[in-house]
Amino acid sequence: MTENVLLAALLGLPGIAVLLLGIALWGQSRLSEQVFYRITSLALFGTVVCGVGLTILLARSGGEQITAHIGEWFSVGHYEFHWVLVADKLSLPFALFCSILIGLIGAFSRRYLHKEPGYFRFYFLLVLFGAGVELIVLAGNLDLFFIGWEIVGLTSALLIAFFHERRKPVEHGLRAFITYRFCDIGLLAAAVWLHHTVGNSAFVASEAASWTGVPVPVGSVNVALVGLLLLWATLGKSAQIPLGGWLPRAMEGPTPSSAIFYGAISVHLGPFLLLRAAPILEASRVVQVAVIAIGGLTAIHATFVGRAQTDIKSILAYASMTQVGIIFVEIGFGLRYLALAHIVGHAAMRSLQILRSPSLLHDHHHLEQSMGGILPQTGGHLERLVPNFMQPWLYRHALERGYFDAIVRDWIVGSFVRVLRFVDALDQRWTGWLAGTERTSVGSKSGGDLS
Amino acid sequence: MIILIPTILAGIFAAASIGAAVSNDAKSARRIGLGAAASVTIIAALGFFLMASSALTETVRWMPVGMLAIAPCVGGVVALMAIGLAPLTSHRKTTFVRILLLFAFAEASLGVVHPLAMVLLWIASSFVAWSEYREVCKARSWHRVFAFYHVVSFGFFSAGATLLWMGNSAHIAIAMVLLGIGIREGILPFHSWFPKFVEHVPMGIVVAFIGPQLGVYAQLELLSPQSIGSYGHTIAAFGAGTAVFTAILGVVQTDARRAVAYLILSQTGLIAFGLESHSAVGLTGAILNWQVLAVATAGFAMALAALGARRDHLQLWKAHGDFSQTPRLGSAFLILGFASVGFPLTLGFVAEDLLVQGTVGEFPVLGLSLVVATATNGITVLRAFFYLFTGSKKKVSTPDLGRRESVLLAGAVTLLIIFGLIPHPLVRFEAPSLADSPAQVMGHHGEVRGNAN
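As given, the protein sequences belong to chains E and D, one line each in that order. Heads up, the first sequence is in the numbering used here, so the first residue is 1 and it goes up one at a time. Heads up, the second sequence is in the numbering used here, so the first residue is 452 and it goes up one at a time.
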């Protein structure tokens, strides 16, 4: 009983805070920054307390997991949608870590965003993000997981476009959202296919890992299909190739949200999903190889591109991408505990680096003063490994970000948009002919964000 | 009671349209319409609760009581939004009269059991919409496009309905009815009239014409899934094709009204697809989607109309709005838009989840294609939000929502979120008789409605 209450509170507290802040924002009540901050920090502190309580209860019981059946959301005939939350060796450390980190970011932002016009909106989105993350982490089935996944995607896009009076952040927010939605198709399709083949998407205990995981459907084709769909879902959130172009652009948002999303939590939700999908990876060599290939290629690509960047946030974005790529490789090789430790360590360090990034020059000067001279150049080991004749080519490749952006934008999305606009113009010409009005030129419009 | 209540409600709307016609100006007409819509909503809600206490498991015609009982309430809520949020800059006195007439026809069709009466209501509503279209497009003849499609549509529909009424349930009669419905609903490849219609006609008329989804109702009323028989897979394919194709076309639109039109078409495709499902889950999803389309998309479209009254143009070429000036309007636009495309924790999510889960067993590939439509529609909504509400710092002040608009939009948002979080009562009420096996669903339907009664 206590476990159920604590698990529900872990999700419910940020949910209540979202509700309160949402009502306050809609009513445009004259709440002070202090009140918004207090509500957020109380909710997040509450989740930390609940997380610690659950950890103690799980340790005392000596069990593998605590499952809370909150209730049925809706049902028709044979189909039922249940609220089931799971605290196990994967979700509990992750939930606790995320609560602490989001709480710290909230505390940091109190002064960082003081008097900022979007202060209230930031806290609302931060706590909504917290609720989404807790739902992803504690979800007992893939359907609930998807709900949290969507919430995180939306808050991410809205926070990238936080400085909404400028066009670039808005365009980058939209780009991130388009990438997310494209990849969400994979997650939703995997959930639907599991319902079709297994009958539900509830996480089950497996021998592959010491936590619950995605159920394994019957038949190697079904296993590979679900596994590849889940891998597809992770490409967007975790900025893996060829869809990682949005990540450096996402740094247009406020520094605290960049730190929590793209240094710490959001970018690691892909590996978290793969850890949940451990039984699928264990059952399908195809999926394992695909995960290793994607992760490995991303790590190599991002480390080269990151070295050619000239601003600190882009460098950090590519550094994040590199590490997440390596985490993918670890998961592909079945080194799941190493991956978990890597996620926590990387998230903590990277978010700290991003938070300090606005003070980079100050920190650099401080270090030089302490050292009594100019700091030595680091990172030359890779240059020594690459033959001289390849260096200019690699440099050009890195400057162009591996040409992935250009290929995706101009060849794939651009061609697609041009075809669609042509079809739309044909349709308009047909209606124009019916109406007896002037002709609309076919394919005359181009440009905009999507071409 | 099931038939009596819609008839009373239709009478209220008809009386209000007469009141609006003799009123002094558009503002008075809107006030009269708003009063009528509020009365209809209250009476329909009372009727709903009266019926909720009894006959939950009964079916009227072949539809569940719950669905028929909720439909007038949904009509009332949609009318509240279509009238209450209609800006006076684009809605004249006669526009309000026509909106009220359209809602009167929609409510009346819920109480009608005779196929030919349905044909008459269908023709009347198309005529009212066309007459407004003709008036607002005096300089150009876009109304001809509407007339062309709708004359063909009710030609097919009335011929098919007459054959059904005469007891001829041959394939040709069913095909004609379906063709008529398909054209009216804008199912691919008969969709071309709709974006132009949304582009030019006052949004209140668009919502009143398309929100109640007379075509969907006519299909539910006249044809059971079993009677459609071999056409089922074809219609499902066209429905899914419409959902995906129009969703993708919606993303590349450069005019916000056209983007909304494609969003509505995509949702309509989803409903058409779900109605062909033989599973209780899929059917319930389709019916819920219909109601979500009515409320959420109506709110979304009317929020766009409210923005249009405050702004010179609604282009989607580049971001040109200022969220800080219209935070409530922007938020309502975003939430209603996402609710209409099935974003989690709104009623739209419940509807789409039921629809996809209920159809994937019967139509695996088509069911999965709905996932593409849903994801793409989400992009259209956020793109419209970003381009209309962000991207610049306006020097000229734009007013945010007034009290009336704020109450109405907040009410719609609250309804969609509350029923999204606690959908069980609504779902249970919608599908009591559909809740078991497909065989049981089929058992209820029997033959073509025209023959059964």
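If you are wondering where the hints come from, they were derived from the structure by calculation, not from laboratory data. We treat Cβ as the ideally placed atom computed from N, Cα and C, and that holds for glycine. Check the hints yourself; a few may be wrong.
To be verified - Below, a list of computed lysine-lysine pairs in the PhoX-like style, where the Cα atoms sit at most 25 angstroms apart: (1) E/Lys168 with E/Lys115; (2) E/Lys115 with D/Lys544; (3) D/Lys769 with D/Lys589; (4) D/Lys478 with E/Lys168; (5) D/Lys544 with E/Lys168; (6) D/Lys478 with E/Lys115; (7) D/Lys544 with D/Lys478; (8) E/Lys168 with D/Lys589; (9) D/Lys844 with D/Lys769; (10) D/Lys845 with D/Lys769; (11) D/Lys589 with D/Lys544.
Unchecked claim - Partial list, derived from the structure: chain E residues whose beta carbon lies under 7 angstroms from chain D: (12) Leu31; (13) Glu33; (14) Arg167; (15) Val413; (16) Gly414; (17) Val419.
Said to hold, decoys possible - If you want the footprint, here are the derived chain E segments under chain D, 3+ residues with CB under 8 angstroms: (18) 14-28; (19) 88-96; (20) 157-165; (21) 232-240; (22) 254-262; (23) 339-352.
Which earlier hints turn out false for this structure, listed by number in ascending order?
The structure conflicts with hints 2, 3, 4, 5, 6, 8, 12, 13, 15, 16, 17, 19, 21, 22 and 23, although it agrees with all the remaining ones.
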